[in-house]
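Colleague: Below are the chains, spelled out letter by letter.
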Amino acid sequence: MKFMSIKSIKAWNYKSFNNLNVNLSDFNIIIGPNSAGKSNFISILQFLRDIINSGVENAISLQGGTEHILNANAKNDTAGIEILFDAKISSNFGSNNSNLNITGILYRINIELSGKVKKLKKYRYTETVEFHLEDGSTLSMSNINGKIKMDDELTNKLGSFIKFILARETSDKSILTLIPIIPFFERSNIPQIYDIDPKLSKHSIPLSGLAELEQDGKNIALVLKNLTKNNESMKKLIGLVDMCLPFINKIAIESLSDKTIILNVRENFNNSLELPATFISDGTIEIITLIDILYFERRNVVAIEEPEKNIHPALLQKLVELMKEASKTKQLIITTHSPEIINYIDKDNIFVIKRDLDGFSIIKKPEQDKELKYFLDEEISISQLFSDGFLN
Amino acid sequence: MEGLSDDLFVNNAVKKMKPNTCIKVYEYAEKRKKYTTNYIKALNKMYNNNTGIHYLFLADNDSCIYPNQKIGIIANSYPDILMENIVIVENEIESWYMAGLDRKACKKLKIKWEEDPDNVTKEIFKKSLGRRNRLEICPKFFPITR
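Order-wise, the sequence lines are chains Z and C. For the first sequence, the positions run 1 to 392 when the numbering used here is used. For the second sequence, the positions run 1 to 146 when the numbering used here is used.
Since the hints were derived computationally from the structure, they do not count as laboratory data. Among the clues, some could well be false.
To be verified - Below, a list of computed lysine to aspartate or glutamate pairs in the EDC-like style, where the Cα atoms sit at most 20 Å apart:
| hint | chain 1 | residue 1 | chain 2 | residue 2 |
| --- | --- | --- | --- | --- |
| 1 | C | K18 | Z | E379 |
| 2 | C | K31 | Z | D358 |
| 3 | Z | K309 | Z | E321 |
| 4 | C | K15 | Z | E321 |
| 5 | C | K41 | Z | D369 |
| 6 | C | K34 | Z | E379 |
As the list claims (entries may be wrong) - Pairwise CB distance ranges, derived in the manner of DEER restraints:
| hint | chain 1 | residue 1 | chain 2 | residue 2 | range |
| --- | --- | --- | --- | --- | --- |
| 7 | Z | E367 | C | A13 | 33 to 43 Å |
| 8 | C | T21 | Z | I238 | 50 to 60 Å |
| 9 | Z | E367 | C | N20 | 47 to 57 Å |
| 10 | C | A13 | Z | E67 | 31 to 41 Å |
| 11 | Z | K75 | C | V87 | 37 to 47 Å |
| 12 | C | D80 | Z | E112 | 32 to 42 Å |
| 13 | C | N20 | Z | K121 | 35 to 45 Å |
| 14 | C | P139 | Z | H68 | 23 to 33 Å |
| 15 | C | A13 | Z | H68 | 53 to 63 Å |
| 16 | C | T21 | Z | E67 | 47 to 57 Å |
| 17 | Z | N58 | C | A13 | 46 to 56 Å |
Keep in mind that this is a model prediction, so the values were computed, not measured. Quick reminder that beta carbons are idealized off the backbone N, C-alpha and C, glycines included.
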């Protein structure tokens, strides 16, 4: 069981979505034609991540401002998202050591806009934590724009913990909205989005930088440098790379004189020579980066945009196997344009995004789409329908 | 549809004539017969269940003497097809591009005017376009008033 995973996502008037409501599983493949709304769907996770990392106003700015969040055809000036996490966090917060298990955390942000330029009028950020009691009942506690509210019964049960929670309410409200209620909310539970650009990884990068992989994967050399310090991790990495690229026998990080580092790879073909990233194929870098994301990055919810971009179709089956395996320990949300990837995925894991006649994005499982079901009943695969453009 | 020329015709002409109708083109010429048959079966069921979805199967008459001969060949290849949904193009879709174009329109498009469009074949049409790309030129056929 993962620590936390997304159970459902809702969005209203958010970008191309009019009224989104979707339940996710551990392994989710999002398909659809260009401009259907796949990236807008992923941006919901980005928005939440940015709210947690930088606050609501910065998160709106990072999305390009309110005018780019509100759907152009929205019937009112209100937009928002709601993400429900499934959690299984045991605690003994309760007085007399009674167990209060956290079973769900819900994040909701609703923004109201005004005027022709859609200026931010106000926003309401809500974080609700649901506690499950030993007797089977549930209680909840909410952080609404920094103000803590909770069930009376929960106040009694929480005992000393409540003093800590309520004490926080007296501090700066603007900061409180940025701090989750759950003080032990681990960074690993914040969704991370990856859109790898292997060309960026071909250059040397400064020795100082983030230890975790950045969204575009450009700091993979630095991430692997830390990984090389652990022999077991390195063996695991080489083993996984070997599944896809058996001609690679060594991955190393070279320190250069200008305090930068670069990724080097040694191939069986030229055993004594280590090739710097500049001469490594985009696909090789992409696969190494994907393996890092799937098996080494400490994130429980991961979205990857079009992982197939630089990878030969013959390798995609192995990539899918790696993703399926990784989804046992972290929740994956993958967008793809690849019929090969779709071919290897169970249709229960697939979501189709398309535009309705009014231009709003809709997302459905193939089985929920009445028209698609006729095709599926005649043994036409999702991959074939996708290639033939019937998912548009 | 058989191929790209048919696809271009539908996307540029039919969609403009029927702007409120959602039209999806499936090119069958290079697909395995089994795949196309499955699509036909699914579309038949959709039609029978009143989903509002209808299909047409377009084919060039090619060297057949009369359209019914071609319809027979198609029905033989795809036994599940509804005969009334087969549309035979006389003789190739390229002749539909030329149909209705007068000398003035042809001059504007820089193509040779054909007195009898029914006899325009792929080869004649291609020759008329010269080095120009079909994807670029074909859409220009349709804004012209006929």
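Colleague: Work down the list of hints and note, for each, if the structure agrees.
Modeller: Right, here's what the structure says about each hint:
1. Restraint check for K18(C) and E379(Z): not satisfied, since their Cα atoms lie roughly 31 Å apart, outside the 20 Å limit.
2. Proximity of K31(C) to D358(Z) is assessed by CA-CA distance (about 32 Å); at most 20 Å being required, the pair is judged violated.
3. Our distance criterion of 20 Å between C-alpha atoms is met by K309(Z) and E321(Z), whose separation comes to about 17 Å.
4. Only pairs whose Cα atoms come within 20 Å are accepted, and K15(C) paired with E321(Z) is rejected, the gap being roughly 42 Å.
5. With a C-alpha separation of about 18 Å, the suggested pairing of K41(C) with D369(Z) holds against the 20 Å cut-off.
6. Proposed proximity of K34(C) and E379(Z) is supported: the alpha carbons are some 10 Å apart, at most 20 Å.
7. In this structure the supplied range 33 to 43 Å holds for E367(Z) paired with A13(C), their Cβ-Cβ distance being about 36 Å.
8. Hint check: T21(C) to I238(Z), Cβ distance near 56 Å, so the stated range 50 to 60 Å holds.
9. Here the CB-CB span from E367(Z) to N20(C) is close to 29 Å, at odds with the stated 47 to 57 Å.
10. Distance hint for A13(C) and E67(Z): a CB-CB separation of about 38 Å, consistent with the stated range 31 to 41 Å.
11. Checked against the hint of 37 to 47 Å, the C-beta distance between K75(Z) and V87(C) comes to roughly 42 Å, which is consistent with it.
12. Between D80(C) and E112(Z) the beta carbon distance is about 55 Å. The supplied range of 32 to 42 Å is therefore violated.
13. Here the CB-CB span from N20(C) to K121(Z) is close to 37 Å, well matched to the stated 35 to 45 Å.
14. Range check, P139(C) to H68(Z): about 32 Å between beta-carbon atoms, so the 23 to 33 Å window is met.
15. A hinted range of 53 to 63 Å is violated for the C-beta pair A13(C) and H68(Z), which are about 37 Å apart.
16. For T21(C) paired with E67(Z), a C-beta distance near 33 Å fails the hint of 47 to 57 Å.
17. Between N58(Z) and A13(C) the beta carbon distance is about 50 Å. The supplied range of 46 to 56 Å therefore holds.
Consistency note: the structure conflicts with the earlier hints numbered 1, 2, 4, 9, 12, 15, 16.
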